[in-house]
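Novice: What follows is the residue order along each chain.
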Amino acid sequence: MAELPQAARGFGVTFFTMFKKVVTEQYPEDRDKYPPKPRFHGRHQLNRWADGLEKCIGCELCAWACPADAIFVEGASNSEEERFSPGERYGRVYQINYLRCIFCGLCIEACPTRALTMTNDYELADSSRASLIYEKVDLLGPMLPGMLPAPHPMVPGLTDSDYYAGKVKGSVPEQANDRPAAGGLGATS
Amino acid sequence: MTMTSNNGSDLAAVEMVSVTVDGVTIEVPRGTLAIRAAELLGVEIPRFCDHPLLDPVAACRACLIEVEGMPKPQPACAQVVSDGMHIRTQVSSPVAREAQEGVLEFLLLNHPLDCPVCDKGGECPLQNQAMSVGRPQTRFDGEKRVFDKPINVSAEILLDRERCVSCARCTRFADQIAGDPMLELLERGAKQQVGTAADQPFDSYFSGNTVQICPVGALTSAAYRFRARPFDLVSVPTTCEHCASGCSLRTDYRRDTVTRRLAWADPEVNEEWNCDKGRFAFPYLREGRITSPMIREAGELRPASWPEALDAAARGLAAAGSSTGVLVGGRSTVEDAYAYARFARVALGSDNIDFRVRESSSEEAAFLAAVIAGTPVTTTYESLEQAPIVMTVALEPEDESPIVFLRLRKAARSGRTRIVNVGAVATKGLTKVRGELLAALPGAEAQVLQMLPADIRRALGQPGAVILVGERIASVVGGPSAVAALATETGASLAWVPRRAGERGALDAGALAGLLPGGRQLVDPSARKQVAAAWGIDASELPTGVGFAGENLLAAARDGVLGALVSGGVELGDYPDHALAAAAFTGVGFLVSLEHHHSAITEQADVVFPVAVVTEKSGTFLDWEGRPRPFGQVFRDSLYESDARVLGMIATTMERRLGPSDVAGIRREHAGLGLWEGFRGQVPDRVPGFTMMGEHQFALASWRALIDAGVMQEGEPFLAATARQVGVWMSARTAASLDHPSQVRVIGPGGSIVLPVQVAEVIDKVVVLPMNSPGCSIYRDLGARVGDAVGLVTVKRHEGEGS
Numbered sequence: 001m002a003e004l005p006q007a008a009r010g011f012g013v014t015f016f017t018m019f020k021k022v023v024t025e026q027y028p029e030d031r032d033k034y035p036p037k038p039r040f041h042g043r044h045q046l047n048r049w050a051d052g053l054e055k056c057i058g059c060e061l062c063a064w065a066c067p068a069d070a071i072f073v074e075g076a077s078n079s080e081e082e083r084f085s086p087g088e089r090y091g092r093v094y095q096i097n098y099l100r101c102i103f104c105g106l107c108i109e110a111c112p113t114r115a116l117t118m119t120n121d122y123e124l125a126d127s128s129r130a131s132l133i134y135e136k137v138d139l140l141g142p143m144l145p146g147m148l149p150a151p152h153p154m155v156p157g158l159t160d161s162d163y164y165a166g167k168v169k170g171s172v173p174e175q176a177n178d179r180p181a182a183g184g185l186g187a188t189s
Numbered sequence: 001m002t003m004t005s006n007n008g009s010d011l012a013a014v015e016m017v018s019v020t021v022d023g024v025t026i027e028v029p030r031g032t033l034a035i036r037a038a039e040l041l042g043v044e045i046p047r048f049c050d051h052p053l054l055d056p057v058a059a060c061r062a063c064l065i066e067v068e069g070m071p072k073p074q075p076a077c078a079q080v081v082s083d084g085m086h087i088r089t090q091v092s093s094p095v096a097r098e099a100q101e102g103v104l105e106f107l108l109l110n111h112p113l114d115c116p117v118c119d120k121g122g123e124c125p126l127q128n129q130a131m132s133v134g135r136p137q138t139r140f141d142g143e144k145r146v147f148d149k150p151i152n153v154s155a156e157i158l159l160d161r162e163r164c165v166s167c168a169r170c171t172r173f174a175d176q177i178a179g180d181p182m183l184e185l186l187e188r189g190a191k192q193q194v195g196t197a198a199d200q201p202f203d204s205y206f207s208g209n210t211v212q213i214c215p216v217g218a219l220t221s222a223a224y225r226f227r228a229r230p231f232d233l234v235s236v237p238t239t240c241e242h243c244a245s246g247c248s249l250r251t252d253y254r255r256d257t258v259t260r261r262l263a264w265a266d267p268e269v270n271e272e273w274n275c276d277k278g279r280f281a282f283p284y285l286r287e288g289r290i291t292s293p294m295i296r297e298a299g300e301l302r303p304a305s306w307p308e309a310l311d312a313a314a315r316g317l318a319a320a321g322s323s324t325g326v327l328v329g330g331r332s333t334v335e336d337a338y339a340y341a342r343f344a345r346v347a348l349g350s351d352n353i354d355f356r357v358r359e360s361s362s363e364e365a366a367f368l369a370a371v372i373a374g375t376p377v378t379t380t381y382e383s384l385e386q387a388p389i390v391m392t393v394a395l396e397p398e399d400e401s402p403i404v405f406l407r408l409r410k411a412a413r414s415g416r417t418r419i420v421n422v423g424a425v426a427t428k429g430l431t432k433v434r435g436e437l438l439a440a441l442p443g444a445e446a447q448v449l450q451m452l453p454a455d456i457r458r459a460l461g462q463p464g465a466v467i468l469v470g471e472r473i474a475s476v477v478g479g480p481s482a483v484a485a486l487a488t489e490t491g492a493s494l495a496w497v498p499r500r501a502g503e504r505g506a507l508d509a510g511a512l513a514g515l516l517p518g519g520r521q522l523v524d525p526s527a528r529k530q531v532a533a534a535w536g537i538d539a540s541e542l543p544t545g546v547g548f549a550g551e552n553l554l555a556a557a558r559d560g561v562l563g564a565l566v567s568g569g570v571e572l573g574d575y576p577d578h579a580l581a582a583a584a585f586t587g588v589g590f591l592v593s594l595e596h597h598h599s600a601i602t603e604q605a606d607v608v609f610p611v612a613v614v615t616e617k618s619g620t621f622l623d624w625e626g627r628p629r630p631f632g633q634v635f636r637d638s639l640y641e642s643d644a645r646v647l648g649m650i651a652t653t654m655e656r657r658l659g660p661s662d663v664a665g666i667r668r669e670h671a672g673l674g675l676w677e678g679f680r681g682q683v684p685d686r687v688p689g690f691t692m693m694g695e696h697q698f699a700l701a702s703w704r705a706l707i708d709a710g711v712m713q714e715g716e717p718f719l720a721a722t723a724r725q726v727g728v729w730m731s732a733r734t735a736a737s738l739d740h741p742s743q744v745r746v747i748g749p750g751g752s753i754v755l756p757v758q759v760a761e762v763i764d765k766v767v768v769l770p771m772n773s774p775g776c777s778i779y780r781d782l783g784a785r786v787g788d789a790v791g792l793v794t795v796k797r798h799e800g801e802g803s
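Those sequence lines, one after another, are chains G and Z.
Following the working numbering, the numbering of the first sequence begins with 1 at its first residue and continues without gaps.
Following the working numbering, the numbering of the second sequence begins with 1 at its first residue and continues without gaps.
Hints in this document: simulated from the structure, not taken from any laboratory.
Idealized CB from N, CA, C, for every residue including glycine.
None of the hints are false.
Listed below are the simulated DSS-like cross-link pairs for lysine-lysine, each with C-alpha atoms no more than 30 Å apart in a straight line:
#1 Lys-144(Z) / Lys-169(G)
#2 Lys-167(G) / Lys-144(Z)
#3 Lys-765(Z) / Lys-432(Z)
#4 Lys-191(Z) / Lys-72(Z)
#5 Lys-191(Z) / Lys-167(G)
#6 Lys-432(Z) / Lys-410(Z)
#7 Lys-37(G) / Lys-20(G)
#8 Lys-149(Z) / Lys-169(G)
#9 Lys-167(G) / Lys-149(Z)
In silico contact screen, one side only, chain G against chain Z (beta carbon under 10 Å); selected entries:
#10 Glu-74
#11 Gly-75
#12 Glu-88
#13 Ala-110
#14 Ser-161
Next comes chain G alone, as it looks inside the complex (with noise of 0.2 Å):
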């Protein structure tokens, strides 16, 4: 075959990937097609027990391990009368400076209860500089079925030991209180 010039070979390699399959992603409209990898380091979630405390106990072992100052932890003492997580401390004030989370997943590493994952959200963009630090009102994962929201007392007689052994499966009748469920979310004054 005789030699084609430069030009018509170049356009040649144009032709034919005419009909090869596309591997563009069309955002946001395909989005649903294309989930992100179960192990994505998406934003945070701070986790409940399966009876609706909260798991992260305010040590801010997370902040220390944030290599870009992210995170924002003021723990507070549990009382028998206002109880958010199983133990002596809760934090108290949660927040996570988006701006700032490089998403490294060394919070997440830190944690000693397994309060803090993160999930596969990734549509983070916002307009302003403020909403995009997350309260802990905004990090707390869903109240799923069997969760009273906190403050609540421990399931009567465990321990906070058998919370982190995993003994605990759902709320029972006697953690139910008359506290208004808006309380459980804890003050971010």
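Dock chain Z against the given chain G, drawing on the hints supplied.
Specialist: Relative to chain G, chain Z alone:
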């Protein structure tokens, strides 16, 4: 080590021995421990139980070394070196290294791996030494021992037993240093644990020190537990503002809030200890502050701008001029007190000034001026330790100057020092210093001093003997005179131990009527000339007559003799005569108040200025020795101004020229005056008073407990819970004469109060009440002063309410 001695004892001849550590030979004093000898050569042997101020116990075994001639490794912390001894540490001996690694592995068997959430993590000797001498891998794969955690050994101190390495530092501290042996090692073997008796919490005034010396995170304080980690904190060396002991502290803060205070090592003053008040009573620094100047308008206080408030204050004070009184609270720094003294004399032309917001007398003022004010440091903590005898008068060291108490206890434990207290109660504190009680009815101490037993008088004549007199001597008629006379007659050195941190400094700064800085007398021409020159005025501009002080000043304000008052750091309830003080502050024409917290006085004030607390300014306190204890500013970007700066601004607004108002400038001006060698005024010579009592009356003895209802202890409920129980102390015989009541009503001249009865070693005809504790203030509830006669009525349980 500095060895100072003022009684010429045998410290000069120290016998030296020669010891070889890792092949290097050094000379050390006989009796040196192997671990210290190694330190001198820069060899750090791992240790947990070893503490230089506690007796050796060799409990943790971490410091094992090889000693030539001994079959097994020896603990370096308990091994006294002898001449020619050859020691081999982990540096040169595989045996020592192996032994240390093995011990550390044992210590870590049951130690939880919760370092990431442990308060000690980051400043933990166990963590550090596990890194430096421990093995990288554990061979233990069983279940670790667990305990319930935490348990309260007191309201303030929490114990996590599983972290404990049984080093016995806390138990030895409690037993040897504090003299409160309520902590003890219980059980044996793997179950060994620190604990208290079930009904006796570790309510020691010094309990916080155990948290600081715990080499692991086993002891934590309720105030600091889980609040921060060491690497979160910024540390600033400071001085404690709570009493005149003058402790060096380390103040740690985070996010503009003080998170904890630690005792800072100062061998000449507090060694490595402090009291719980100094350690835990800091929430007041932040809570309930006055945030802006306020002025009174149409009878109501309203926030005002600084220029507006300065203007109002300047106008009011200029109108009153030399008929203004100045009250300086006992919390002022030297610089602030000096600023008040100068402001009164230069800006106002007034000599009506007093720093004594407490029981005071003119006899006391004369005593302080003649004997104490502006004198150099002669009697020190070291002299207490070296003294053959220490006599305390009108002073309860454990409550009123806790570090003096610790030194007295140290002196008593050494067996050198005899301690005698002239008072009405053989308190537990006196027992802990192995002291003797020289019984004196409250108010009648002077007579006892004049008729001392011959052996005590003779002992006071020995070189190095010390008399410590407390601020409560002001309530004893003839007391100051008798103390001064006794010191002169016997040659014993005399020191005045006030309770508040600022009193000695205020005295030396001249914040007392008739007294200029440095003990100079206002009436002395050459003193006037010196001070006037330093203040940049003519000596004739200084006030000529000695002004009002003490209750005369308050009475003058009440009666309208004074047109205005300036008060700074004054608490109304601290004045013994409540009605008089209240009438003075409400009745005076114009009141300027410089405070950091709202109080009964700021409510009455015409102008209120917010001022800085100790963490927001730098300054100096003089401790009871007269030793300057300077401290720096913790929060450097604070917007609050010190008292001195506010006074400077008021003077500027009044168009009066004062000298510098910054700390450095005031220090320079004050130091420029130098020591005063001239006339100090007459030592008072009053005839002793005595207590008049009816047949069914009792003399009231009282002092302020260390942990009480003081305003600077607010906001710390855990500390408050460790306070001594409030009650009426009486002798067993008195209790028997009342038919062993559980409660009595104490009836004073101005009211009565029902309190539980506590039998104590009180002399007959005396009852003891706390001066200002929750639920019992003798001034407020009884209208009584120390030495007054009170009545007792037995109360049945069901009617025990109200007063």
